[in-house]
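Chains as they are written, first to last, in my numbering: chain A, 1 to 121; chain X, 122 to 242.
Treat each hint with caution, since some may be false.
Derived DEER-like restraints, expressed as beta-carbon distance ranges [as the list claims (entries may be wrong)]:
hint, chain 1, residue 1, chain 2, residue 2, range
1, A, A112, X, L234, 50 to 60 angstroms
2, X, T235, A, D47, 36 to 46 angstroms
3, A, D47, X, H169, 22 to 32 angstroms
4, A, E91, X, A161, 34 to 44 angstroms
5, A, P80, X, N128, 30 to 40 angstroms
6, X, P213, A, N7, 19 to 29 angstroms
7, A, P80, X, H137, 23 to 33 angstroms
8, X, F136, A, V104, 31 to 41 angstroms
9, X, A161, A, G102, 10 to 20 angstroms
10, X, L234, A, H3, 16 to 26 angstroms
11, A, H48, X, V225, 26 to 36 angstroms
In short, the hints are calculated from the structure, not lab data. For clarity, every value in this text was computed on a predicted model and none was experimentally measured. Heads up, the beta-carbon is just placed ideally off N, CA and C, and yes, glycines get one too.
2 protein chains.
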Amino acid sequence: MGHVAINLAQKLGLFHDLWSPRVVAELNDYQLKLAKLHGAFVWHQHDHTDELFYVLDGVLEIALDDGVVTLRPGELYVVPKGTRHRPFAAEPVSVLLIEPRGVVNTGDAGGALTAANDVWV
Amino acid sequence: MGHVAINLAQKLGLFHDLWSPRVVAELNDYQLKLAKLHGAFVWHQHDHTDELFYVLDGVLEIALDDGVVTLRPGELYVVPKGTRHRPFAAEPVSVLLIEPRGVVNTGDAGGALTAANDVWV
Numbered sequence: 001m002g003h004v005a006i007n008l009a010q011k012l013g014l015f016h017d018l019w020s021p022r023v024v025a026e027l028n029d030y031q032l033k034l035a036k037l038h039g040a041f042v043w044h045q046h047d048h049t050d051e052l053f054y055v056l057d058g059v060l061e062i063a064l065d066d067g068v069v070t071l072r073p074g075e076l077y078v079v080p081k082g083t084r085h086r087p088f089a090a091e092p093v094s095v096l097l098i099e100p101r102g103v104v105n106t107g108d109a110g111g112a113l114t115a116a117n118d119v120w121v
Numbered sequence: 122m123g124h125v126a127i128n129l130a131q132k133l134g135l136f137h138d139l140w141s142p143r144v145v146a147e148l149n150d151y152q153l154k155l156a157k158l159h160g161a162f163v164w165h166q167h168d169h170t171d172e173l174f175y176v177l178d179g180v181l182e183i184a185l186d187d188g189v190v191t192l193r194p195g196e197l198y199v200v201p202k203g204t205r206h207r208p209f210a211a212e213p214v215s216v217l218l219i220e221p222r223g224v225v226n227t228g229d230a231g232g233a234l235t236a237a238n239d240v241w242v
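Just chain A, same shape as in the assembly:
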């Protein structure tokens, strides 16, 4: 045996800090990361990659220059590369992120909310 499924709810129970993505799996050179969000993030963009948000719990709003996407549990959205966006969660939300290994959470913006990269849970 030795082959075990990754249970996202179980992994979510293992950390509690906000805006600090945790890697749960890799697919070729892509990473799947769990993150807990609450409040407003910084406006930023990723110039070299799309970024996928899939909501597990709660409601996430992603502000874009020309609108807002609202994501409920079981819903996903792909922010195209080079697109400015700002995640916002009025209440705590748990999300699964998918993007290439090495992508920094604050993209071009940097700042205090920039999380350590490649931290696993």
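Start from chain A and add chain X according to the hints.
Same frame as chain A, but now just chain X:
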């Protein structure tokens, strides 16, 4: 506006054929596909890519040469590239697959269960 989340449950209601992945989103050159599975698939492998299975409804077993992975809703598993595997579902199961664009469902095995590629829902 014009920016809308993709609701996986809603998309699952739009098709009913088994073993026929439907693309719901693209992330760079990767595709996210929904599939409905029931019964045993063919043993096969993908020589050039990992393949991610995430279970939405039901229970999926993935047989490997040296064991079986059991996936329940909210659980995922990445089959490494070049690894022989055979999905099996005793009851109907709905899964999300993630892999590069162009990957054929039956991999190296081919045969009657080979589905059309790049079909969206």
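Going down the list of hints, with the structure as the test:
1. Between A112 of chain A and L234 of chain X the beta carbon distance is about 52 angstroms. The supplied range of 50 to 60 angstroms therefore holds.
2. Look at T235 of chain X against D47 of chain A: about 38 angstroms separates their beta carbons, and that is inside 36 to 46 angstroms.
3. Between D47 of chain A and H169 of chain X the CB atoms are about 27 angstroms apart, so this pair conforms to the stated range of 22 to 32 angstroms.
4. Judged by the Cβ atoms, the range 34 to 44 angstroms given for E91 of chain A and A161 of chain X holds: they are separated by roughly 43 angstroms.
5. For the pair P80 of chain A and N128 of chain X, the supplied restraint of 30 to 40 angstroms is violated, since their beta-carbon distance comes to about 19 angstroms.
6. At roughly 21 angstroms, the beta-carbon separation of P213 of chain X and N7 of chain A lies within the given 19 to 29 angstroms, and the hint holds.
7. Separation of P80 of chain A from H137 of chain X is about 31 angstroms and conforms to the stated range, judged on CB atoms against 23 to 33 angstroms.
8. At about 37 angstroms, the CB distance of F136 of chain X to V104 of chain A agrees with the hint of 31 to 41 angstroms.
9. Between A161 of chain X and G102 of chain A the C-beta distance comes to about 38 angstroms, which lies outside the given range of 10 to 20 angstroms.
10. Checked against the given bound of 16 to 26 angstroms, the beta carbons of L234 of chain X and H3 of chain A, roughly 23 angstroms apart, stay inside it.
11. Remark: the range hint 26 to 36 angstroms for H48 of chain A to V225 of chain X is upheld by a beta-carbon distance near 28 angstroms.
The structure is inconsistent with the numbered hints 5, 9, although it conforms to all the rest.
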